[in-house]
Amino acid sequence: QPAWATGCPSCAAARRGISSAFLERAEAMRARQQELLERMGSGDLDGAKITRYAKEMNALAKVVDLYDRLEGLREDEEVANELLGEEGGDGAADVREELESITEEITTVEDNLVKALVPKDPADERNCILEVRAGVGGEEAGFFALEVLEMYRKFCVGRGWAFQEMTKSMSDFGGLREAIIAVEDPSGGAGGEAGPFGVLKHEVGVHRVQRVPVNDTKLQTSSA
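All letters in the sequence shown, in the order written, are residues -12 to 211 by our numbering.
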């Protein structure tokens, strides 16, 4: 186990943005993966156990891979810091650039590791109903709502989801009053990623825009 993954106070700065509880959980999952590998290599298992162990290993793989990557990056960071104390001039500038790149990747891997360790909501794989309505701002709000609807359509279609309009009401001037959309993932979440509900549930709320309408000269705030 690397020094930065321990609970020692001197390692607190090295852990930075990720809790020691997450690191301990990842370490335990890696130990469990190793245990399963040893059991599967023993040759004393029946088909049912092999299948069960293989499924569990597959569930552990993402976290373990990220944890291994984080360890490697921490070691690279330590080496880079040591070199920074030895280098001078252009050499030091190159090391600083490399260290900055390593630090950015560490942050990304830590974020992904936390996401992989947080229990998933079973509802996240479900399809959803998306509703878009014009808010405050008169006809300009209707135009903005139509743009918001088109934004969601492009986003969903880009992910391979079906985007079916159940109802759609337009204003006399071509703006959107209200639209209700059924968003479905034809794959049923086969890729292991969150489905329409899991992705779009964070979009609940009011979207606002401030701009000058084409038929006016004053800045206006509209919402959808």
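Just so you know, not all the hints are guaranteed correct.
[Unchecked claim] Across the chosen pairs, the derived CB separations fall in these ranges:
(1) D55 <-> E118: 37 to 45 angstroms
(2) V196 <-> T154: 22 to 30 angstroms
(3) D203 <-> S88: 30 to 38 angstroms
Treat the hints as calculated values from the structure; they're not laboratory data. For glycine and all other residues, C-beta sits at the position ideal for the given N, C-alpha and C.
Cross-check of the supplied hints:
In this structure the hint that D55 and E118 lie 37 to 45 angstroms apart at CB holds, the actual value being about 43 angstroms. Separated by about 24 angstroms at the C-beta atoms, V196 and T154 satisfy the suggested range of 22 to 30 angstroms. The supplied range of 30 to 38 angstroms is broken by D203 and S88, whose beta-carbon atoms lie about 48 angstroms from each other.
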